[in-house]
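Undergrad: Place chain C on chain A using the hints.
Protein chains: 2
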Amino acid sequence: MKLGRLNHVGVATPSIEASIAFWRDVMGAQDIRAPFDMPAQGVRVCFVDTPNGQIELIEPLGEASPIHSFLAKNPAGGQHHLCFEVPDIRAAKAWFEGQGKRVLGEPRIGAHGTLIFFLHPADMGGVLTEIMETPEGEGH
Amino acid sequence: MKLGRLNHVGVATPSIEASIAFWRDVMGAQDIRAPFDMPAQGVRVCFVDTPNGQIELIEPLGEASPIHSFLAKNPAGGQHHLCFEVPDIRAAKAWFEGQGKRVLGEPRIGAHGTLIFFLHPADMGGVLTEIMETPEGEGH
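Going line by line, the protein sequences match chains A and C.
The opening residue of the first sequence carries number 19 in the numbering used here; numbering runs sequentially from there.
The opening residue of the second sequence carries number 19 in the numbering used here; numbering runs sequentially from there.
Hints in this document: simulated from the structure, not taken from any laboratory.
Some hints here could point you the wrong way.
You can't tell identical chains apart in this list, so a pair holds if it fits in one copy or across any two.
[What the hints assert, rightly or not] Derived lysine to aspartate or glutamate pairs resembling EDC-like cross-links, with alpha carbons at most 16 Å apart:
1) Lys20 <-> Asp49
2) Lys111 <-> Asp141
3) Lys119 <-> Asp43
4) Lys111 <-> Asp67
5) Lys111 <-> Glu124
6) Lys119 <-> Asp141
7) Lys20 <-> Asp43
8) Lys20 <-> Asp67
9) Lys91 <-> Asp43
10) Lys20 <-> Asp106
11) Lys119 <-> Asp55
12) Lys119 <-> Asp49
Predicted, not measured: the structure shown is a model, and the values here were computed from it.
Here chain A stands alone, though its shape is the one from the complex:
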């Protein structure tokens, strides 16, 4: 296992529209992608490009969204997860399981169209960690 690129930092927000205005008008982001829904994961997401990666804005979608409990504790929003790229999602899953880390569910298609999984923050130094197979054409 070799540490991969930090694909994005996930930032939860009660309002993607308000966060888009903040990142555009206050932080000066010039490339903000169109928001879209991910019903299977209970989130609406929007990617904000930085010169060397992305911020993923995440808003709750539906009553069962896992983001509700995060926002109950952090009503203004806040840092939610870190996402690192790997070349092979199955090998990464086996690696982390072999290290005794809890993989949360089976790999599934993530916001960039490749397979992802999450690791339990209590096993990862308090950091909810997403592992993503590197999107096509974005390998380094």
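TA: Same frame as chain A, now just chain C:
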């Protein structure tokens, strides 16, 4: 104001030594810098290189460390702040103040040897935000 490079993600930890072992042995980091103390800020820090940036591990240093309260709420550690680069720290301070954002203290020398300041998380979508003048030779 134009969004700059995400220089690093700050991750608080109760033990930098344990976190170094985690990032090296579990996450596969290959470039981990030597830890060092920043007494003026009440922290001991260690930078872990990723292919496109850094993770800054932060451990409390001294009884007055601002990290103690974070760890009281998050005993295992967790994501603490995001740090973005700017070309001119004074211009950035004036910009954020003009936007009604609370700058926490005067610019001071940060862990990379250039001037930094922090912005109040309640004004920044719940994200404690560090602004850093781009280190020499690292401009993009």
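Undergrad: Of all the hints numbered above, which does this structure not satisfy? Sort the numbers upward.
TA: Checked against the structure, the hints that fail are numbers 4, 9, 11, 12, while the rest are satisfied.
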